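Residue numbers (numbering that gives the first Met the number 0), protein chains in the order written: chain A, 0 to 289; chain B, 0 to 289.
Rather than coming from a laboratory, the hints here were simulated on the basis of the structure.
This structure is a prediction, so every number in the text was calculated from the model and none was measured.
Do not rely on the hints blindly, as some may be mistaken.
Said to hold, decoys possible - One-sided excerpt, in silico: chain B residues whose CB lies under 8 Å from chain A:
1. Thr173
2. Ala178
3. Leu250
What the hints assert, rightly or not - Calculated Cβ distances over 12 Å to all of chain B for the following chain A residues:
4. Phe5
5. Arg13
6. Ala40
7. Leu139
8. Gln143
9. Gly158
10. Leu212
11. Glu218
12. Ser229
13. Leu242
14. Ala275
Here a beta-carbon is modelled for each residue, glycine too, at the ideal position from N, C-alpha and C.
Protein chains: 2
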Amino acid sequence: MNLSNFNREIAEIRNDRVRGASELARRCLAILAEAAETLPAADCGEFRQRLLALATELAVVRPSMAPIANLLRRWKARVGTVDGDLETFRRLAAKQAADLIALSRQAVLDCAAHAARWLGPGRTLMTHSLSSTVLETCRLLRDQGLRMIVTEARPLAEGRRVVERLSAWNVPTTYITDAQMGVFVARADGVLVGADSLLANGSVINKAGTALLALAARECGVPFHVCCESFKQRAENEPPPELEEMASTELEVPAWPGVSARNVYFDITPARLIDAWISETGVRQAVAAP
Amino acid sequence: MNLSNFNREIAEIRNDRVRGASELARRCLAILAEAAETLPAADCGEFRQRLLALATELAVVRPSMAPIANLLRRWKARVGTVDGDLETFRRLAAKQAADLIALSRQAVLDCAAHAARWLGPGRTLMTHSLSSTVLETCRLLRDQGLRMIVTEARPLAEGRRVVERLSAWNVPTTYITDAQMGVFVARADGVLVGADSLLANGSVINKAGTALLALAARECGVPFHVCCESFKQRAENEPPPELEEMASTELEVPAWPGVSARNVYFDITPARLIDAWISETGVRQAVAAP
Numbered sequence: 000m001n002l003s004n005f006n007r008e009i010a011e012i013r014n015d016r017v018r019g020a021s022e023l024a025r026r027c028l029a030i031l032a033e034a035a036e037t038l039p040a041a042d043c044g045e046f047r048q049r050l051l052a053l054a055t056e057l058a059v060v061r062p063s064m065a066p067i068a069n070l071l072r073r074w075k076a077r078v079g080t081v082d083g084d085l086e087t088f089r090r091l092a093a094k095q096a097a098d099l100i101a102l103s104r105q106a107v108l109d110c111a112a113h114a115a116r117w118l119g120p121g122r123t124l125m126t127h128s129l130s131s132t133v134l135e136t137c138r139l140l141r142d143q144g145l146r147m148i149v150t151e152a153r154p155l156a157e158g159r160r161v162v163e164r165l166s167a168w169n170v171p172t173t174y175i176t177d178a179q180m181g182v183f184v185a186r187a188d189g190v191l192v193g194a195d196s197l198l199a200n201g202s203v204i205n206k207a208g209t210a211l212l213a214l215a216a217r218e219c220g221v222p223f224h225v226c227c228e229s230f231k232q233r234a235e236n237e238p239p240p241e242l243e244e245m246a247s248t249e250l251e252v253p254a255w256p257g258v259s260a261r262n263v264y265f266d267i268t269p270a271r272l273i274d275a276w277i278s279e280t281g282v283r284q285a286v287a288a289p
Numbered sequence: 000m001n002l003s004n005f006n007r008e009i010a011e012i013r014n015d016r017v018r019g020a021s022e023l024a025r026r027c028l029a030i031l032a033e034a035a036e037t038l039p040a041a042d043c044g045e046f047r048q049r050l051l052a053l054a055t056e057l058a059v060v061r062p063s064m065a066p067i068a069n070l071l072r073r074w075k076a077r078v079g080t081v082d083g084d085l086e087t088f089r090r091l092a093a094k095q096a097a098d099l100i101a102l103s104r105q106a107v108l109d110c111a112a113h114a115a116r117w118l119g120p121g122r123t124l125m126t127h128s129l130s131s132t133v134l135e136t137c138r139l140l141r142d143q144g145l146r147m148i149v150t151e152a153r154p155l156a157e158g159r160r161v162v163e164r165l166s167a168w169n170v171p172t173t174y175i176t177d178a179q180m181g182v183f184v185a186r187a188d189g190v191l192v193g194a195d196s197l198l199a200n201g202s203v204i205n206k207a208g209t210a211l212l213a214l215a216a217r218e219c220g221v222p223f224h225v226c227c228e229s230f231k232q233r234a235e236n237e238p239p240p241e242l243e244e245m246a247s248t249e250l251e252v253p254a255w256p257g258v259s260a261r262n263v264y265f266d267i268t269p270a271r272l273i274d275a276w277i278s279e280t281g282v283r284q285a286v287a288a289p
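Can you build the whole structure from these sequences, using the hints too?
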């Protein structure tokens, strides 16, 4: 790897519309592992500083996705304390990245295991957008009478990718446009969504449309669950999150004069619309209003 | 016109995804006027019965759209009392249809005039789906600092047709996916939508997604207005309305095994989420909760 490869990788992370926040965070760690092992370097101390600077650069590429910043912060803390010669440093910095990748993968599996236990067999669940944690939960429940309702998730319709997997697993599935959320949520026993970030107050940043689904679920008394590992938690003292906006070309509309096509990718679902938060450590239920 | 032309016209009304309820109701009246003038007939009494039967058939073709049933019921009542020979009957039956078409057109214009006065100059308004009453309101306000936020309205994206008109009128417009409703409604001074039917309790049947927009508007304190002529009112004693479902091919997804793609076109916005109903007779505001 050289620096121009690295910059290409950063651009790929920035433009990725397919992978969720956890997956992209692991991809960032894998890029740093490769950089640690292969970027040209002469002196260990100077190389460490360069690597840490690259991690800082990667950490801000997708501001709506907390696990990228969180896992990279952890990696930087560990790498900052690694001692030894250049070769040892390369090996240990790469190993720290690999360890964190394994930790993140395990957290996703543990989240899904808790979610599957909590939701139980014979359920009809509704989801919005693509979440690897939600998909893993569906895999665990696929032989237990699970039925799914999946939204399209415009503009790029990652709901289709969810449905492809569910279809391959023989999970009976209903596929709808985002605008039909309000019509179909009443037919679900519960909503299960992933998250890109979890705010300190329990609110959730996820694909645009999630907040609408939470409002519709509350309106008809269907419980709304968020399932995400604690790497997605933003600290109390972090500045308010930026809701990323992507290219309006994804909407595939003509350039009408005087018209601005907008493509804000994320929204914030307020904590009071969430009935349970499921993480790798278990389930936290909302406290019932007095 | 012969009977097979008539059946072709019925199929066209059934499959029309472009025109709103008022426009289609007027189209139905125009079809009946043409039938009255040109269908072969020998005897006046027998012809009257045939025409009334055709009107009954037309009236149920789009069950979510109240003005079709309402205007056709009025036409039938008027035609039922027309006397005279066959030629006189033909002329008067066609004239009744033309009169009702004019009445419906005028009602739309009067609605829009009330809406424009009520909403006033310098507003940013948000709408969902295509309504001729909303468009007419925009036309009236276009030189008064109006700005619009328009949703796509999947599956067939009639929001694009709205935006084309707004662009031609130089109204600064923001175009978004349906999933972004929750993000953008807070930037509006009010929501203005049309309706396909108005239920006796004040709830509104309109394009799927309208109920989500009403929930999002209430969530951030943005007033939600429905603008429609009283021909859209369903009577108290009518059976609960059917929410029409259209072909799932409109979603343009593959036939995944075990997956059912659904295309429910309408949803019901409950009256308690509506702040004002605007009709050709004026504005009725919701009574504030005690």
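Item checked: Hints that the structure is at odds with (numbers, increasing) -> 9, 10, 11, 13
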